[in-house]
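Residue-level listing of the chains:
2 protein chains.
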Amino acid sequence: MKQSQLFTKTSKSAPAEEQSTNAKLLLRAGFIHKEMAGAYSFLPLGLRVLNNIIAIIREEMNAIGGEELLLTSLQNPEPWKKTKRWDNSVVDMWFKTKLSNEAELGLANTHEEPITALMGHHISSWRDLPVYAYQFQTKFRNELRVRSGLLRTREFIMKDLYSFSRSQEEHEAFYESAKAAYAKIFDRIGIGASTLLTFASGGSFSKYSHEFQTLCDTGEDTVYVCKDCKVAVNKEIIEEQSACPQCKNTELKEERAIEVGNIFSLGTRFSEALGLKFIDEQGTKHEVVMGSYGIGPGRVMGTAVELFHDEKGILWPSGIAPFSCHLLAFPGGEAQAKITYEKLQQAGCTVLYDDRDVSPGEKMADADLLGMPWRLIQSGKTAEKKVVEVKKRDKETIEIMDIKTVIKRLKS
Amino acid sequence: MKQSQLFTKTSKSAPAEEQSTNAKLLLRAGFIHKEMAGAYSFLPLGLRVLNNIIAIIREEMNAIGGEELLLTSLQNPEPWKKTKRWDNSVVDMWFKTKLSNEAELGLANTHEEPITALMGHHISSWRDLPVYAYQFQTKFRNELRVRSGLLRTREFIMKDLYSFSRSQEEHEAFYESAKAAYAKIFDRIGIGASTLLTFASGGSFSKYSHEFQTLCDTGEDTVYVCKDCKVAVNKEIIEEQSACPQCKNTELKEERAIEVGNIFSLGTRFSEALGLKFIDEQGTKHEVVMGSYGIGPGRVMGTAVELFHDEKGILWPSGIAPFSCHLLAFPGGEAQAKITYEKLQQAGCTVLYDDRDVSPGEKMADADLLGMPWRLIQSGKTAEKKVVEVKKRDKETIEIMDIKTVIKRLKS
Numbered sequence: 000m001k002q003s004q005l006f007t008k009t010s011k012s013a014p015a016e017e018q019s020t021n022a023k024l025l026l027r028a029g030f031i032h033k034e035m036a037g038a039y040s041f042l043p044l045g046l047r048v049l050n051n052i053i054a055i056i057r058e059e060m061n062a063i064g065g066e067e068l069l070l071t072s073l074q075n076p077e078p079w080k081k082t083k084r085w086d087n088s089v090v091d092m093w094f095k096t097k098l099s100n101e102a103e104l105g106l107a108n109t110h111e112e113p114i115t116a117l118m119g120h121h122i123s124s125w126r127d128l129p130v131y132a133y134q135f136q137t138k139f140r141n142e143l144r145v146r147s148g149l150l151r152t153r154e155f156i157m158k159d160l161y162s163f164s165r166s167q168e169e170h171e172a173f174y175e176s177a178k179a180a181y182a183k184i185f186d187r188i189g190i191g192a193s194t195l196l197t198f199a200s201g202g203s204f205s206k207y208s209h210e211f212q213t214l215c216d217t218g219e220d221t222v223y224v225c226k227d228c229k230v231a232v233n234k235e236i237i238e239e240q241s242a243c244p245q246c247k248n249t250e251l252k253e254e255r256a257i258e259v260g261n262i263f264s265l266g267t268r269f270s271e272a273l274g275l276k277f278i279d280e281q282g283t284k285h286e287v288v289m290g291s292y293g294i295g296p297g298r299v300m301g302t303a304v305e306l307f308h309d310e311k312g313i314l315w316p317s318g319i320a321p322f323s324c325h326l327l328a329f330p331g332g333e334a335q336a337k338i339t340y341e342k343l344q345q346a347g348c349t350v351l352y353d354d355r356d357v358s359p360g361e362k363m364a365d366a367d368l369l370g371m372p373w374r375l376i377q378s379g380k381t382a383e384k385k386v387v388e389v390k391k392r393d394k395e396t397i398e399i400m401d402i403k404t405v406i407k408r409l410k411s
Numbered sequence: 000m001k002q003s004q005l006f007t008k009t010s011k012s013a014p015a016e017e018q019s020t021n022a023k024l025l026l027r028a029g030f031i032h033k034e035m036a037g038a039y040s041f042l043p044l045g046l047r048v049l050n051n052i053i054a055i056i057r058e059e060m061n062a063i064g065g066e067e068l069l070l071t072s073l074q075n076p077e078p079w080k081k082t083k084r085w086d087n088s089v090v091d092m093w094f095k096t097k098l099s100n101e102a103e104l105g106l107a108n109t110h111e112e113p114i115t116a117l118m119g120h121h122i123s124s125w126r127d128l129p130v131y132a133y134q135f136q137t138k139f140r141n142e143l144r145v146r147s148g149l150l151r152t153r154e155f156i157m158k159d160l161y162s163f164s165r166s167q168e169e170h171e172a173f174y175e176s177a178k179a180a181y182a183k184i185f186d187r188i189g190i191g192a193s194t195l196l197t198f199a200s201g202g203s204f205s206k207y208s209h210e211f212q213t214l215c216d217t218g219e220d221t222v223y224v225c226k227d228c229k230v231a232v233n234k235e236i237i238e239e240q241s242a243c244p245q246c247k248n249t250e251l252k253e254e255r256a257i258e259v260g261n262i263f264s265l266g267t268r269f270s271e272a273l274g275l276k277f278i279d280e281q282g283t284k285h286e287v288v289m290g291s292y293g294i295g296p297g298r299v300m301g302t303a304v305e306l307f308h309d310e311k312g313i314l315w316p317s318g319i320a321p322f323s324c325h326l327l328a329f330p331g332g333e334a335q336a337k338i339t340y341e342k343l344q345q346a347g348c349t350v351l352y353d354d355r356d357v358s359p360g361e362k363m364a365d366a367d368l369l370g371m372p373w374r375l376i377q378s379g380k381t382a383e384k385k386v387v388e389v390k391k392r393d394k395e396t397i398e399i400m401d402i403k404t405v406i407k408r409l410k411s
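Sequence order for the protein chains is F and X. Under numbering that gives the first Met the number 0, the first sequence has 28 at position 29, and the numbering climbs by one with no breaks. Under numbering that gives the first Met the number 0, the second sequence has 127 at position 128, and the numbering climbs by one with no breaks.
The hints are simulated quantities; they were obtained by calculation from the structure and are not laboratory data. Misleading hints may appear alongside valid ones.
To be verified - Cross-link-like lysine-lysine pairs, in silico, DSSO-like; alpha carbons within 27 Å at most: (1) F:95 <-> X:83; (2) F:8 <-> X:183; (3) X:33 <-> F:33; (4) X:183 <-> F:1; (5) F:284 <-> X:11; (6) F:95 <-> X:95; (7) X:410 <-> F:83; (8) X:80 <-> F:33.
Said to hold, decoys possible - Footprint (simulated), chain X over chain F, 3 or more residues, beta carbon under 8 Å: (9) 5–19; (10) 32–42; (11) 58–67; (12) 84–96; (13) 127–134; (14) 284–292; (15) 379–385.
Ideal placement from N, C-alpha and C gives every residue a C-beta, glycine not left out.
Construct the complete structure from the given sequences, taking the supplied hints into account.
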């Protein structure tokens, strides 16, 4: 994409009230726009990152048998009353609204109730199970405090998958495959090395639920890391047992972290309240065993910025970067830059091409702020020799190479 | 996709309160689920149709220079107060909600206000213009009555593009290119032949705005068609001038229609109220000239069903069908059907493969209801001869052909 055609501009400062690094950098780079506290719009470059994250999650959810659907935000109170989650004194983060006839509606903050009710229309026999259904859908949460940029917002896209199984065993097998899929997702996104499977309390239907916590000094959560097992436990668990649930190690290290995903065994809590049953091969009725599995792609994007930045700007991991490289045309190199741009695109590389009429200094500062994994400079000198100056965003080394070598390097 | 892995089931009847053909058929076929009056969830097959429509619109918006972004649903009242569109007595379809500190928020029913405010951060000079920004985003409209299935809902995805131009001339050139893009979109979706450019009243900044109206007996709108020009005028215009605006023909035919898109010249109404200005080459400040351009992919989906169905079910146009063909395995043909399924997929055809353990009659009835453009039957007889029985959904003719010929036919 030609940068001259991108409407967003970078800026030297972020709004004074922003405290978090992710919001400051993403706002300065023009990836997002602040509509109000806790609600950010995604501008073209930010939407590319968000869509890259979504594409990775979608592939891994499909790989474990997920079927994609799209539920509504507007919520009929009825199923929520049956599960006792409608009342604001129980769930304090509802946004509620009204039809013109004054009937009260909610804006979904999660979807266990409507999807359980929906499945009643499609599941009746053991033959209809298991079902794994997921969506990328906008959630609304009336958070009291929002000070962490994309890490905690009042409106955000969530990937939520719900599993419907015939038995606890069938459920547990899927739960394990979801756990593995989550690890793969965070690896592909580029935050896997800092992200730990974390034991959390499990509620009435299982001993544990699990969070995926990315270690990061600016995280809102506290976790306790077992160095031997490379897992963590959260605060609730440490208060109960103060040891690693896997190896019983009691020397756990307290660290700050960001919760980037969570998976829960729901047992029959929702299927019981909403009457979701199936008939087994012997003709006996059972309640369906459920699980839920969430990841917030926007929060993952914010987490990547918290982890990967320096004083000059963002360092996007290559799996989710808006473009694989940023090509800057310097004075005298404009004609050759056009050719380089076309060759890179023909080779299937995604390129942000800075063809703007601004100074080399401004282009380099913007390249550092925007954070593509590779920076390519086409100056008058390199143009003459039909080579390009190449630098990785996270390295100091500058190399000169021909376009074929550049393409090989970008694709490696 | 194997139909045995699809969780949705078809049903013989739709909820009694549904009056519209699109809702009845889409509910029976398991494409959508009714959450409440005017709010439908999209199930896997329905989401495939919706995404096919979205992909066509996105391609054509990108082709005329559109940059995709994603704005929030939650709305700060301030910009809406400045344009005098916050008060319920002026805009009666707001859904409003409150933060926990009682501050009032709105759920966007359109996005002129926030996008104009946003552009103030990125547009200041003539060099920054023109800008064409669009999104696929969920709108909320507190409609009084909703009785037309996907044609009028309280929550729906809308493609809304907003144009920002330096002058009326620059605006008009883009307005014409948007008009042409819309015609292309409706052609590619398969409803172009019934969809007419329709003159509507233009407000204070232009004589006309334009709707795209699909002629259909079950439409909510009335239009007046000029047979010579193949355009229409809407009710407002006929009351003013009772003639075709292009050829002055006064013999206009009254017809029912569904509005599937609309484009408006907004002039400086929003840029004036919200202070969106640019400095020209001579250093003079001007207000930005705006336009807005909407299509509802869900409504387009409902319209396609209203146009293309028979007593047995839906007939999807090939441009938006969930799969290009529906392959049914009949007794004795199961093994060969598997091979046919793989060959079709290898050739790049999208296939819904009915591998379920149900009767041929049930499979054929479902194929008619679900409405893929081609039905392929692999029976014991055709399996023996390594051929397939092929029928178009909208034709009676049954043909027998080998797999190579099938692939050629599907791709033609």
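Here is what the structure says about each hint:
Taking the CA atoms of residue 95 of chain F and residue 83 of chain X, the gap is about 24 Å. The hint holds against a cut of 27 Å. The hinted pair formed by residue 8 of chain F and residue 183 of chain X fails the criterion: a straight-line CA distance of about 32 Å is larger than 27 Å. For the hint pairing residue 33 of chain X with residue 33 of chain F, the CA-to-CA distance comes to about 34 Å; that exceeds 27 Å, so the pair is violated. Straight-line distance between C-alpha atoms of residue 183 of chain X and residue 1 of chain F comes to about 26 Å, which keeps the hinted pair within the 27 Å bound.
Straight-line distance between C-alpha atoms of residue 284 of chain F and residue 11 of chain X comes to about 24 Å, which keeps the hinted pair within the 27 Å bound. Using a Cα cut-off of 27 Å, the hinted pair residue 95 of chain F and residue 95 of chain X holds, with the two alpha carbons roughly 8 Å apart. Between the alpha carbons of residue 410 of chain X and residue 83 of chain F the distance comes to roughly 53 Å, so the proposed pair goes past 27 Å and is violated. Distance restraint check for residue 80 of chain X and residue 33 of chain F: the Cα-Cα separation of roughly 18 Å lies within the 27 Å cut-off, and the hinted pair is therefore satisfied.
Judged by the Cβ-Cβ criterion of 8 Å, the segment 5–19 of chain F is covered by chain X as claimed, because 5 of its residues qualify and three suffice. Figure legend: the segment 32–42 of chain F, annotated as covered by chain X; annotation consistent (8 residues with Cβ-Cβ distances under 8 Å, at least 3 required). Coverage of the segment 58–67 of chain F by chain X holds. Counting CB-CB distances below 8 Å, 3 residues qualify, and the rule asks for three or more. Using a Cβ-Cβ cut-off of 8 Å, 4 residues of the segment 84–96 of chain F lie near chain X, which meets the minimum of three, so the contact claim holds.
Evaluation of the coverage hint for the segment 127–134 of chain F: fulfilled, as 3 residues show C-beta separations to chain X shorter than 8 Å, against a requirement of three. Only when three residues or more bring their CB closer than 8 Å to a CB of chain X does the claim for the segment 284–292 of chain F stand; here the count is 0, and the claim is violated. Counting residues of the segment 379–385 of chain F whose CB lies closer than 8 Å to any CB of chain X gives 0, which falls below the minimum of 3, so the coverage claim is violated.
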